[in-house]
Amino acid sequence: MSAPEAAASAQRRASVSIRHEDFDLSAEVAALREGIPAVGAVCAFVGTVRDRNEGASVATMELEHYPGMTEKAIEAMMEQAFARFDILGARVVHRVGLLQPQDQIVLVAVSSMHRGESFQACEFLMDYLKTQAPFWKKEVTPEGARWVDARVSDDAALSRWGIASGNA
Amino acid sequence: MQIEIRFFASLREALGLSSLSWQTEAGTVGALRDELVARGGVWAEVLARGRAVRASQDQVMASDATPLREGAEVAFFPPVTGG
Chain A
1 MSAPEAAASA QRRASVSIRH EDFDLSAEVA ALREGIPAVG AVCAFVGTVR
51 DRNEGASVAT MELEHYPGMT EKAIEAMMEQ AFARFDILGA RVVHRVGLLQ
101 PQDQIVLVAV SSMHRGESFQ ACEFLMDYLK TQAPFWKKEV TPEGARWVDA
151 RVSDDAALSR WGIASGNA
Chain B
169 MQIEIRFFAS LREALGLSSL SWQTEAGTVG ALRDELVARG GVWAEVLARG
219 RAVRASQDQV MASDATPLRE GAEVAFFPPV TGG
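Listed in order, the protein sequences are those of chains A and B.
Oh and the first sequence: position 93 is 93 in our numbering, straight run, nothing missing.
Oh and the second sequence: position 2 is 170 in our numbering, straight run, nothing missing.
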């Protein structure tokens, strides 16, 4: 690692926010970049509420989580991302409570010197979050309220990174 | 030993309970689950072996083999579905 690279990695920033309120993508990305001139790439993923799932229309969605454990689980997955990828910053925002179709649910944003590491770390963090962070979705459909089932495909997505999930 | 047990999402709803102070003889998280199943009724149904139930101890994911700690906070919940 060259001296500028060492200086950049010492500046790394990581944060997680679990909350009811919406988030502003521009503001989140700006916070990730602010004062870190080594950043040359930012990759951000936003998950939103679909108006349909498993063949039924979705009127509203309620997100429950395990306060305390959620933050710990996401901080642990960020530690893994920093260990695996040459990234400078990572930010996760996840909303809880009652949401409507088209609402934003989750943000994962990652900054790095070059694009490849941001792309990879962003996908790694999402795959990890889908199967390891204690959130649960309940959706209201014309047939009534139902808890969303975990998907085996999410376990498969995490296994690409060499991590066994066993969630679904 | 004395522990605190918490339940989330569909388990919490089915049991009608979000937490429970519990005196246990179990040595592991898996044995604790079996102990709760042995209470019968809705407990046996919700925590039945063969149903997808995940667990944590002191807010870290746990497996059946995880040794129980005195005073621990153990939680049982369905597979996670965030993101």
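Please note that a few of the clues may not be correct.
Cβ pair distances, simulated, as ranges [to be verified]:
no.: 1; chain 1: A; residue 1: Gly144; chain 2: B; residue 2: Leu188; range: 46 to 54 Å
no.: 2; chain 1: A; residue 1: His20; chain 2: B; residue 2: Arg207; range: 46 to 54 Å
no.: 3; chain 1: B; residue 1: Gly218; chain 2: A; residue 2: Arg146; range: 17 to 25 Å
no.: 4; chain 1: B; residue 1: Val205; chain 2: A; residue 2: Arg84; range: 36 to 44 Å
no.: 5; chain 1: A; residue 1: Asn53; chain 2: B; residue 2: Arg237; range: 52 to 60 Å
no.: 6; chain 1: A; residue 1: Arg115; chain 2: B; residue 2: Val205; range: 48 to 56 Å
Taking lysine to any residue pairs in the SDA-like style, the calculated list, with each CA pair at most 25 Å apart, reads [what the hints assert, rightly or not]:
no.: 7; chain 1: A; residue 1: Lys72; chain 2: B; residue 2: Gly208
no.: 8; chain 1: A; residue 1: Lys72; chain 2: B; residue 2: Val221
no.: 9; chain 1: A; residue 1: Lys138; chain 2: B; residue 2: Ser186
no.: 10; chain 1: A; residue 1: Lys72; chain 2: A; residue 2: Gly55
The set of hints was computed from the structure by calculation and includes no laboratory data.
Built from N, CA and C at the ideal position, the CB exists for glycine as well.
Status of each hint after checking the structure:
no. : hint                            : in the structure
1   : A:Gly144 / B:Leu188: 46 to 54 Å : 28 Å, violated
2   : A:His20 / B:Arg207: 46 to 54 Å  : 35 Å, violated
3   : B:Gly218 / A:Arg146: 17 to 25 Å : 21 Å, holds
4   : B:Val205 / A:Arg84: 36 to 44 Å  : 39 Å, holds
5   : A:Asn53 / B:Arg237: 52 to 60 Å  : 38 Å, violated
6   : A:Arg115 / B:Val205: 48 to 56 Å : 50 Å, holds
7   : A:Lys72 / B:Gly208              : 33 Å, violated
8   : A:Lys72 / B:Val221              : 20 Å, holds
9   : A:Lys138 / B:Ser186             : 17 Å, holds
10  : A:Lys72 / A:Gly55               : 34 Å, violated
Violated hints, listed in ascending order, are 1, 2, 5, 7 and 10; each of the other numbered hints is respected by the structure.
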